[in-house]
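Residue strings, one per chain:
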Amino acid sequence: MLYREAGQFKATYVEDSQIFPIRQDKVGMALILVVAFAGIPLLSLTGLMTDYFFTAILTPFLIFALATLGLNILTGYAGQLSLGTAAFMAVGAFASYNFILRVDGMPILAAFALGGLCAAAVGIVFGLPSMRVRGFYLAAATLATQFFVVWILTKIGWFTNYSSSGVITAQKIEMFGYTFDSALSKYLFVLAIVALLALLAKNMVRSNVGRSWMAIRDMDMAAEVIGFRPLRTKLLAFAVSSFYCGVAGALFAYAYLGTVEPEGFSLDLSFRILFMVIIGGVGSILGSFFGAAFIVLVPIGLNILTGFLENSAGISLPSGISSSIELMVFGAMIIFFLIVEPHGLARLWQIGKEKLRLWPFPH
Amino acid sequence: MATARQIGEVIIDLRNISLRFGGVKALTDISFDVREHEIRAIIGPNGAGKSSMLNVINGVYRPQEGEIVLRGRHHRDMNTHAAARAGIARTFQNIALFRGMTVLDNIMTGRNLKMKSSFLLQALYWGPAQREELAHRRKVEEIIDFLEIEHIRKTPVGRLPYGLQKRVELGRALAAEPSILLLDEPMAGMNVEEKQDMCRFILDVNDQLGTTIVLIEHDMGVVMDISDRVVVLDYGRTIADGTPDEVRGNQDVIDAYLGVAH
Amino acid sequence: MPDTPRQPPLATFPRLLLQHAKVRPHHPAIREKDLGIWQTWSWSQAAEEVRALAAGLAEMGFRRGDNLAIIGDNRPRLYWAMFAAQCLGGVPVPMYQDAIAAEMVFVLQDAGIRFAIAEDQEQVDKLLENKAQCPELTHILYDDPRGLRHYDQPFLRSLDEAQEAGRARNRDEPGFLDGEIDKGRADDIAVMLYTSGTTGKPKGVCLTHDAFIAAARSGCEFDRLGPGDSILSYLPMAWVGDHLFSFAQATYAGFTINCPESGDTVMTDMREIGPTYYFAPPRVFENLLTQVMIRMEDAGALKRRMFHYFMEVARRCGAEILDGKPVGGLARLRYALGNLLVYGPLRNVLGMSRIRVAYTAGAAIGPDLFRFYRSIGVNLKQLYGSTETCATVCLQPDGQIKLDTVGPPLPGIEVRIDGSGEVLVRGPVMLKEYYKRPDATAEVIDAEGFFHTGDAGYFDEDGHLKIIDRAKDVGKLANGAMFAPNYIENKLKFFPHVKEAVCFGHDRDQVCAFINIDMDAVGNWAERRNITYSGYTDLAQKAEVYELIRDCVEQSNAELARDPMIADSQVHRFLVLHKELDPDDDELTRTRKVRRGFIAQKYAVLVDALYSEKTSQFIETEVKFEDGRKGKVAAELRILAARTFPAAAAQQAA
Amino acid sequence: MQFFLEVLIGGLLSGVMYSLVALGFVLIYKASGVFNFAQGAMVFFAALTTVGLVDMGMPLWLAALLTMAAMVLLGLLTEKFVLRPLVAQHEITLFMATIGLTFFVEGLAQAIWGANVRALDLGIEDVPLEWMLENANMAISQFDLIASAIAAVLVTALAVFFTRTRIGRALRAVADDHQAALSVGIPLHHIWAIVWAVAGFLALVAGLLWGARNGVQFALTFVVLKALPVLILGGFTSVPGAIVGGLIIGASEKLAEVYIGPHFGGGIEGWFPYVLALLFLIVRPEGLFGEKIIRRI
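Protein chains in written order, with this note's numbering: chain A, 1 to 363; chain B, 1001 to 1262; chain C, 2001 to 2654; chain D, 3001 to 3297.
Be a bit skeptical, because a hint or two may be false.
Claimed, not checked - In silico DSBU-like pairs for lysine-lysine, Cα to Cα no more than 35 Å straight-line:
#1 A:Lys353 / C:Lys2303
#2 B:Lys1195 / A:Lys26
#3 C:Lys2436 / C:Lys2466
#4 A:Lys202 / B:Lys1139
#5 C:Lys2303 / A:Lys355
#6 B:Lys1154 / B:Lys1114
#7 C:Lys2614 / C:Lys2624
#8 D:Lys3080 / A:Lys355
#9 A:Lys10 / B:Lys1114
#10 C:Lys2432 / C:Lys2131
#11 C:Lys2579 / B:Lys1195
#12 B:Lys1114 / A:Lys26
#13 D:Lys3080 / A:Lys353
#14 A:Lys355 / B:Lys1116
#15 A:Lys202 / B:Lys1116
#16 C:Lys2402 / C:Lys2436
As the list claims (entries may be wrong) - Pairwise CB distance ranges (calculated):
#17 A:Glu354 / C:Phe2625: 58 to 68 Å
#18 C:Asp2298 / A:Leu196: 41 to 51 Å
#19 A:Gly105 / D:Thr3093: 42 to 52 Å
#20 C:Gly2535 / B:Arg1153: 30 to 40 Å
Unchecked claim - Non-contacting residues of chain B with respect to chain C, defined by C-beta distances greater than 10 Å in every case (computed):
#21 Gln1006
#22 Glu1009
#23 Glu1036
#24 Glu1067
#25 Arg1071
#26 Arg1085
#27 Arg1138
#28 Ile1144
#29 Gly1158
#30 Ser1179
#31 Lys1195
#32 His1218
#33 Asp1228
#34 Asp1255
Calculated from the structure, these hints are not laboratory results. Just so you know, even glycine gets a beta-carbon here, dropped at the ideal spot from N, CA and C.
Chain A with its partners taken away, still in its complex shape:
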C-alpha cells in the first residue's frame, strides 16, 4: 500500500543492483538513519530520553546486532553452525585491551580493528575442522573454541594484565582528543561502527564472496564443481564472522560494560546470539537487527510485566523467578520460530512488505 513503485524502472545495472532498489525503501532507510544519528540525540538533549535508554537498550542492542551479524554471516550465509560466538567476542575484547595497553598511542579504532583481526585469526584456526566435518560435528568443534579461549584468557595472566580477579577495566574511548564517556556519545560511537560494518556485510553478501558462501551452504558439491574452493570459502566466512564478533566483543567491553572478565563471554552468551540469529532470520542482514532487538527487549518487557504484577496486582513472585521465566520464554520462542517461521522476523517482514507492494491484491 505504501509502496508506489510504478515508474521506478532501471535503465542501468548499477541502478538495478542497488541495496534498496525501491525508492520507498531508500527513503525509509534514510529516515531510520536520520532518526538514529540525529533524532534520538536531539530527543535526549531535550531530556525526554534518559541514559537508561542508551545504556540498557540502544547500545547493547547495536552491539548484539553486530555480533548477530557476525554469526549470521557464518551460520546464516555460509551454513556453518557455530556455538563459539562469545569466544570470538572475548578475543576481540581482550586483544583490543592489550593493544591499547601495550602500544603507546594506539588509536582506539585501530585497536578494535586489530582486535577483530585477532578474532578472525582464531576463527580461521578453529574453522579448520570445517574442512572435514559438518553439521553438529562442527558445532561441537566450535564449542571447543568456547572453552579453550575462555580457559586461556583466565589462565594466562598476561591477557588480563595480571589482574588478580581476572577482571579488566576497559580504557576510555578517546579519539582526536575527545572522550566518549557520556551514554549518548558511546551510543553514537557504536552506531557509526555498526552502521558501517552492516553496510560492508551487505556488500559482501551481494557480491561473489556472498554467493560463494550461500553456494557452499545450499549445495556444497555443486559449489565445488563450478569452481568454488570449499575450504577457502568456509575459512573466509569464519574469518569475517569472527572479525565482526571480535569488534562486537570490543564494543561490548568498551562501550557497554566497561569492566569484563573472561567468564563473562560464556556459552550462554553464545547461545543468546544464536537465538538472535534464529529469531531475527537466518541469512538476513536486516534480521540480525530484528533478532537483537527482540532478545534485548524481551527481558525488559518481562521485568516490566513482573514488576507490574508485584506492584499493582499485589502478586508476590519468588525471587529469581523472572530469570527462570526468561529462560523458558527464550526456549519456547526458539522452538516456536523454528516450527512456525524458520526464517524468523526477517521473513515476516519480507512477507508483509510483499503484501504492501501488491496491495490491494492478496498475491
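Keeping the supplied structure of chain A fixed, place chains B, C and D upon it in accordance with the hints.
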C-alpha cells in the same frame, strides 16, 4: 538444419577406467573418447554407471584404475577444481541448484572463476569490484535471454517448477563458458514441450558456441536425434560405442538395453 | 515542441527527428527492456542509428518510392527502420507480426515489397516461405540473429551489417543522407497501413507526412503532450493507433516511447515504466478489470469488504471528482481515504499511477467499464478515428466526458452525418489514397472531399458524436425496429464472464445470441464452486455455467428495455459456443472484431436451431491449433431462453 | 605407577558415567535423527525434581518413581510439541530446537524448584575403598565404583535391549529407514515416545548419580558438554562407540589434567576432551564406530 561446426580432435580420452565403492564395482575397465565439438551420449540401463562416469570426468570420484587424458595431458584422476578450471561444467541428475538464491544469483555463481576482485573491494562494492560485478551481470543476462527465463530472473529457484529449474541449472553451467559440458539427464521428468526446448538449447549451445557436450539421457529418441556418437554402458562395462545408427543395430545393445529395459 | 511545425524544415518525420536530436540530444527517445534493464537511446543516439540504417539501406539499393515491409514486435530498430525508409523517400509498410505466412503474401505482393525487415527467425521463416510467390522480394534484413547463423541465403543480412555499411557510407559521403532527407516533401507518403479488412482483401492506406503530422499535432495540443511524457508501445506497429501514438506523436512532441521485453511481460513492464500516456483497446481494459476482480476474490474478507466499499464510493463520486464537478465535502473525504487505501495502490499495481491521459478506441467500451477507470482516477477518454483518418476525428476533452459518446470533433476536422446516418469526415488528416486502388479511393471519398467512415452515428445535444455501430451492420428487425448488433454484444461483453458475443436479428422477429465464456473468469468461478471440468468445451456446456450466462443476458435485457429505441433488441434465446472464437479460424479479425457474417455462415446450423424450438443442437467444428495442425471439436450445445422485459415495465421498475 | 593407575581407574570410572549420558544421545539420535542438546537439561531437571520431592519429605524411591513419571511426560510432550511439528526438517534445525528446549527445561526446573544448590544423599559414601587402599595403596572412591557399576549394568542392558528385543530392533530400523520401520508394524510416534521415555530414564539415573556426587545444581546441565566429545569420538550412531568413547575421554581427561594440566595452570579438563576429539575428527570424521558416509550427487 545445415551444420557448420567441425568435429575436431579427441579432447577427452578415458582409458581403462575402473571405479569401486568399497567392494562394489561401479565401473569396470571403461575406455572411450570424446572429440571436440561433438555431442557424445552415454546411455545404459539404470545403475549402468553413467553418472559415475561423469563424476570421474570432473573429479567428483577418483577411479582406482585407468587414466584420463584431457587435451593431451595425462591425469591419474581429476579434481573438481582443476576440472572447472579446465573448462568442464556440468549439470546434475537430481538438480543441484542453490535453493536459497535467486535465478540470477545462481547463474552468477557460474562465473566465479572469472571474477578476480579482491574480497575487500567486494565488501566496499566499489570501483573495479562493482564494475566487474556488473560486467558479469550483463553476461548472465545474455544467458537468461538465451534460455528464455527473463520472467523468473529474480525468483528464488526453490519456488520454480522442475522444468525451469533444469533450465536454470543449464544456465549456471553455461555461465562458466565451458568448453566441455557434462549433462546428466537434462530432460528427465520433463514434458514433451520442455524436452523440445531443452533439445533446442543443447543444440544451440553446441552449434553456436562450439561447446563439446557429453550427455546422459534416458529418452532414446532424443539421444538418437541429437548425438553424434553414443557409448552404451551396462553393469559398469562398455557394450557398444559408435554412431547412433551403429549402436541401434548392435545386438548386445538390443539385448541388454533396448529389448529388456524399455 | 517544435516552434513552427508548419514550416517546411519540419514537414517530414526525419526532419522532426533531426530537430529533436539537435534540441534535446540527451533526452530519452526510446527505451527497450532488454537483458534485464531498460536500455535507453537518446534522441541524438536514435538519430545516429537511423542515419546508419538509412545509409545502409541505400547502400543495398533501397530507392526513393520503394516500400519497406517491417514485421515484428515493437522494437527500437523497427521504429528506426520507419524513419530510415522515410529518409530515403521510401514508404514503411508495417505488417501484423502475428499473421501467418499465407496471410502475408497479399500485402507483400500488393505493396511490391523488395526490402523487408524482420524482427527474428520466426518472421524471417515466414518471409522465406513466401519468397517464391513474391519474386520482387530481394532483400531480407533481420534484427535478432538468434537461430539464423546457418541461413546462408545471400539476400539475408542482419541489420547490424546494414548499419555498419551505412556508417561507412556516411563517413565517406557525409552530405549524402542530408541531401536525401532534404528531398522529402510534406505530401510524400509517410507510411502505408493496411486495413485489417473486416470484409474483402486488405487495402493499403497511404498517409502523407502532412496528414500524420497534422494528426499528431492535433492530439498533442489537445492533451498538452510534451517531451516529458512517456508511453508504452505494445500494440502492433501495423495498427494506426500505435503509429500515431508511438511514432507520430512521440516524434512530434519529443516524448519517450518504451518497448516491452515481450508480449508476455507487458503488465510487469507497464508497472515498471509507469507511463504518463497510455492507449489500450477496450478489451485490454476489460481484461485488466477482470484480473482485478479475480485477484480480489482471493483476498481476505476484511480486505474484500474494504475494496467493495471504496469501489462503491468511487462509483458514486470518483468520476465527478476527476471531472472537477462539485462534490460534497464528506464524499471528497471518503474518496480521499479510498484513494489512499484502494485507488492509489490499484493504479500503482496496474502501472497507471503516473498516467495523465489514457485513450481507448477501436470498439465501443462498456459504460461501467469506462466509468470504473475514471472513478479510480485514471483520466481515460474515448477517441474516434480510423486508419484512413490517422485515427484522429473526435476526442473527449477533459472535464466533458460522457460515457456513451466519443466527444466533439478535433479542431480542424469537419464531421457530417449523412442521410443514412453514416459519419463523414473531412480534414488534413485524411488518407491520400488507397494504394493502387483508385476505385476504392473513389468509393470512400466523395466529390466534396468527405471521407465515408462506414460508421453509423449521430451528434447529441452537446455536439458530441455518438457511434452506434458499423453502418452496414445496422439492420432492422422484422417489425422495423433498429437492430445494432454491436451495441448489444458490447453490453453483454461487459460482464466479466462473457468474452465474446455474436447477435443475430436482422430481418428476424427477435434477437438471439452466441456467447463465448471467459475461460479465466468462469474457470475461477467454477473452481470456487467445486465444479470440475476437463476443458473449455466441457466447461461451456455445464448447466451451472448456462445459468450464470442467462443471468448476464437478462441483466443486459433489462438495461436495453430502458431505451425505447432499442428495447426490441433484447436477447430472447442464446447458446454458449463450444470453442473460443479465434482469429486463426477467421472468426475474428486480427484486431479481434467479430466477423458476424462469416460466423453466421459457418455456424448456420446453430443459428437455425436458435430460431427453432430446439433446446439443443449437435455441432462439429474444425479448428486450427497453434502449430498449424488441424483438429475437430464436437459438442451437443444447449439452447436457453432468457427473460425479456417490456419497455414500459422496465422503466417502472427502474 | 600406582598413582598413574589410580588416576586411570578414576578416569575410567567417570568415563562410564559419561557413557551413560552419551548413550542417551545415541538412543535419540538413532531413533529420530535428533541430536538432543537438551539431554543435559533433562539430567538437571530429573535430579532437581527428585531432590525437591525428597526435601518435601518423600522417600527416595517414591521421589525417583514420580520423577520417572515426570520424565516420561516431558519426553512425550517434547515429542508432540517439538519434534513432530519439525519432522523432516534439516537436522541442524532440530538441533537448534533442542537448544531452545534446553533453555525451556532449565527455566522450568528452576521455576519450580528454585535455583539453589541442594544436596542429594543416596546413602553411598564417597570414601576411598578401604580394601584398595590397603592392598594396592590406591584411592579409589567407593561411590564412583558403585555408580559405575550401576551405569555399566544399565549400559549393558540397553545394548542387549537394542540387539535382542523386537522393539530394540524396530528402533534400529527406524534410524535406518522410516518406511522400513513402518513395515515392522510399530507406529513411528510410539517408537519416538518410547525412546524419549528411555532417554528420560537415563537422564534420571545420571542425574541422581552426578547430583549425589557433586550436588544438585545448574552445573549439572554441563554434563551434556562432557558427552559431546564422547560422541564425536565414538560416533553419533554407535552404542559401543558411546561406551568406548566415554572410557577414553574419562581416562584421558583425568590423565591430562594430572600430567599436563599443571604446566598450564590446571583446569584443562574443560577443553581437553574437545581438542582430543577434534584431532581425532580430522583423521576420522565418522568417529570410531560410525559408518563411512559416501556423498552421492
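Hint check:
1. A:Lys353 / C:Lys2303: Judged against 35 Å, a Cα distance of about 16 Å means the pair holds.
2. B:Lys1195 / A:Lys26: violated (43 Å)
3. C:Lys2436 / C:Lys2466: holds (33 Å)
4. A:Lys202 / B:Lys1139: holds (23 Å)
5. C:Lys2303 / A:Lys355: holds (12 Å)
6. B:Lys1154 / B:Lys1114: Holds - the C-alpha atoms of Lys1114 of chain B and Lys1154 of chain B are around 22 Å apart, at most 35 Å.
7. C:Lys2614 / C:Lys2624: This hinted pair holds, its Cα atoms lying about 29 Å apart.
8. D:Lys3080 / A:Lys355: holds (33 Å)
9. A:Lys10 / B:Lys1114: It holds: about 26 Å lies between the C-alpha atoms, which stays within 35 Å.
10. C:Lys2432 / C:Lys2131: At roughly 30 Å apart (the allowed maximum being 35 Å), Lys2131 of chain C and Lys2432 of chain C satisfy the hint.
11. C:Lys2579 / B:Lys1195: holds (29 Å)
12. B:Lys1114 / A:Lys26: holds (32 Å)
13. D:Lys3080 / A:Lys353: The given pair, whose Cα atoms are some 33 Å apart, holds under the 35 Å limit.
14. A:Lys355 / B:Lys1116: It is violated: about 39 Å lies between the C-alpha atoms, which goes past 35 Å.
15. A:Lys202 / B:Lys1116: holds (19 Å)
16. C:Lys2402 / C:Lys2436: Violated: Lys2402 of chain C and Lys2436 of chain C sit about 40 Å apart, past 35 Å.
17. A:Glu354 / C:Phe2625: 58 to 68 Å: violated (38 Å)
18. C:Asp2298 / A:Leu196: 41 to 51 Å: holds (44 Å)
19. A:Gly105 / D:Thr3093: 42 to 52 Å: 49 Å Cβ-Cβ, so the 42 to 52 Å window holds.
20. C:Gly2535 / B:Arg1153: 30 to 40 Å: At 32 Å between Cβs, range holds.
21. Gln1006: It holds; Gln1006 of chain B is separated from chain C by about 14 Å at its closest Cβ, greater than 10 Å.
22. Glu1009: holds (23 Å)
23. Glu1036: holds (19 Å)
24. Glu1067: It holds; Glu1067 of chain B is separated from chain C by about 37 Å at its closest Cβ, greater than 10 Å.
25. Arg1071: holds (26 Å)
26. Arg1085: holds (28 Å)
27. Arg1138: With a cut-off of 10 Å, Arg1138 of chain B comes too close to chain C, as the shortest Cβ separation is near 6 Å.
28. Ile1144: violated (7 Å)
29. Gly1158: holds (21 Å)
30. Ser1179: At roughly 19 Å from the nearest Cβ of chain C, Ser1179 of chain B sits farther out than 10 Å, so the non-interface label holds.
31. Lys1195: holds (15 Å)
32. His1218: holds (25 Å)
33. Asp1228: holds (17 Å)
34. Asp1255: Its Cβ never comes within 10 Å of chain C, the nearest being 38 Å, so this holds.
Checked against the numbered hints given earlier, the structure breaks hints 2, 14, 16, 17, 27 and 28 and satisfies all the rest.
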